[in-house]
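Starting from the given sequences, assemble the full structure and let the hints guide the process.
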Amino acid sequence: MRPTLHPRLLNGRGGDPGVYLETLHLPDAVLLDCGDLSALSPRHLLRVGALGVSHAHMDHWAGFDRLLRLLIGREKRLPVVGPAGFAERLFHRLQAYTWNLADRIPTDLMFEVTEVTGTAAASWPRTRLRLHGGFRPEALPPAPVEADGTWLRLGPLKLRAAVLDHGTPSLGFAVEEAAHLNVWRTKLEERRLPVGPWLAALKSAVAENRPDGHPVPVFARSSEAHDAPALPLGVLRDLVEVTPGQRLAYLTDFADTPENRAVAVSLARGADILFIEAPFAADDAAIAADRRHLTTRAAGEIAREAGARRIEPFHFSPRYPGQEARLLAEVAEAAGRESLGGA
1 MRPTLHPRLL NGRGGDPGVY LETLHLPDAV LLDCGDLSAL SPRHLLRVGA
51 LGVSHAHMDH WAGFDRLLRL LIGREKRLPV VGPAGFAERL FHRLQAYTWN
101 LADRIPTDLM FEVTEVTGTA AASWPRTRLR LHGGFRPEAL PPAPVEADGT
151 WLRLGPLKLR AAVLDHGTPS LGFAVEEAAH LNVWRTKLEE RRLPVGPWLA
201 ALKSAVAENR PDGHPVPVFA RSSEAHDAPA LPLGVLRDLV EVTPGQRLAY
251 LTDFADTPEN RAVAVSLARG ADILFIEAPF AADDAAIAAD RRHLTTRAAG
301 EIAREAGARR IEPFHFSPRY PGQEARLLAE VAEAAGRESL GGA
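For the sequence shown, full-length UniProt numbering begins at 1 and goes up steadily by one.
Each hint should be verified, as a subset may be incorrect.
[Claimed, not checked] Here are the in silico distance ranges between beta carbons for each label pair: (1) G85 <-> R191: 41 to 51 Å; (2) I72 <-> A39: 37 to 47 Å; (3) G85 <-> P244: 28 to 38 Å; (4) A147 <-> T98: 39 to 49 Å; (5) P156 <-> P321: 39 to 49 Å; (6) A39 <-> E324: 11 to 21 Å; (7) E241 <-> R153: 58 to 68 Å; (8) A147 <-> P42: 31 to 41 Å; (9) Q323 <-> L181: 42 to 52 Å; (10) S204 <-> Q95: 39 to 49 Å; (11) D290 <-> E324: 48 to 58 Å; (12) R192 <-> G133: 57 to 67 Å.
[Stated by the list, open to error] The list that follows gives simulated cross-link-like pairs (lysine-lysine, DSS-like), each with its CA atoms no further than 30 Å apart: (13) K158 <-> K203; (14) K76 <-> K158; (15) K203 <-> K187.
Just so you know, these hints were derived from the structure itself, not from any lab.
Remember, predicted model here, so these are calculated numbers, not experimental data.
Even for Gly, the Cβ is constructed at its ideal location relative to N, Cα and C.
Now the structure itself:
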């Protein structure tokens with residue numbers, strides 16, 4: 001099946017961390033981290049429909065003003081997720097500017113911030129900051145958190161987040177696409193069943209795993225829906241082919257501890273694409289521990305335990321100029337592979 005998730009590592013393996021994720025047939029893009037955004041055109045930035053910021057160190061957050069400047073003057077509601085205290089950080093950043101002319105701008109810009117404050121057992125605080133309100137914080141009802149840490153659904157995408165420890169809370173992210181459901185046209189023809197609007201209800205029933213006795217009205221045109229005969233889902237289920245959607249994980253800036261590994265593996269479990277930091281060489285484990293980052297070996301071991309299909313290491317330290325091949329080889333060895341593909 002043709003891949004539908006198309007991620008882009010913004011600044012190579014050694015620049016500011018960041019991934020721009022486009023999805024086939026979805027107008028909105030997802031931006032994970034907001035450091036150097038110079039690789040993105042205004043057109044790409046205007047498509048951002050969700051922003052995830054792992055933490056507020058400069059290399060993950062310094063590019064926000066460019067995004068802000070492009071969004072001013074456009075009607076926009078942008079969901080944002082960050083660690084505890086992030087709404088206050090965003091408020092103070094916005095207050096660095098003077099907004100006395102905001103009432104002359106006919107469109108409103110809203111940031112709706114969800115703060116990941118711990119386990120998914122509790123609701124996470126939400127805050128809205130509006131241009132027409134001078135970007136003053138407005139409390140929103142807390143987000144009901146799903147057991148897997150889902151903070152937002154964007155079209156067919158489910159966006160998850162969890163807290164990692166980097167000496168400060170740092171978020172890891174996972175993006176999961178809904179399963180693909182396709183109807184077998186040949187089977188419809190074999191059973192002399194019509195193509196029509198009823199197939200949408202059939203696919204929904206399969207996606208929701210309704211019981212076999214669930215009635216599905218069969219009709220060729222919407223005008224026939226009211227009096228259409230119904231068949232039980234059990235005799236129709238095999239008409240629909242279910243293919244799992246793609247999964248992507250983004251893990252950066254966290255110490256190599258058992259607790260962090262457990263969270264990272266949970267987020268990256270079964271990922272088709274895993275972006276994982278690998279700043280320090282395996283021999284420099286003491287430096288990595290002091291700075292609360294991963295080594296190449298730790299990154300590879302996490303990827304292997306998670307069962308990630310494609311591994312994209314990044315956030316390489318500048319202390320290894322010209323040694324990218326070495327760092328990639330160390331990640332690959334720890335992951336139990338001969339080599340890794342390119343970013």
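Hints, verified against the model:
1. G85 <-> R191: 41 to 51 Å: violated (58 Å)
2. I72 <-> A39: 37 to 47 Å: Because 21 Å falls outside the window, the suggested range is violated.
3. G85 <-> P244: 28 to 38 Å: holds (36 Å)
4. A147 <-> T98: 39 to 49 Å: Since the Cβ atoms of A147 and T98 sit about 44 Å apart, the hinted range of 39 to 49 Å holds.
5. P156 <-> P321: 39 to 49 Å: Holds: the Cβ-Cβ distance is about 41 Å, inside 39 to 49 Å.
6. A39 <-> E324: 11 to 21 Å: Holds, since A39 and E324 (Cβ atoms, about 18 Å apart) stay within the stated range.
7. E241 <-> R153: 58 to 68 Å: Once the Cβ atoms are compared, 23 Å apart, the range 58 to 68 Å for R153 and E241 is violated.
8. A147 <-> P42: 31 to 41 Å: holds (38 Å)
9. Q323 <-> L181: 42 to 52 Å: holds (46 Å)
10. S204 <-> Q95: 39 to 49 Å: Since the Cβ atoms of S204 and Q95 sit about 45 Å apart, the hinted range of 39 to 49 Å holds.
11. D290 <-> E324: 48 to 58 Å: Roughly 23 Å apart at Cβ, these two residues miss the hinted range, so it is violated.
12. R192 <-> G133: 57 to 67 Å: holds (59 Å)
13. K158 <-> K203: Between K158 and K203 the Cα gap is close to 19 Å, so the pair holds against 30 Å.
14. K76 <-> K158: OK: K76 and K158 at ~20 Å, within 30 Å.
15. K203 <-> K187: holds (15 Å)
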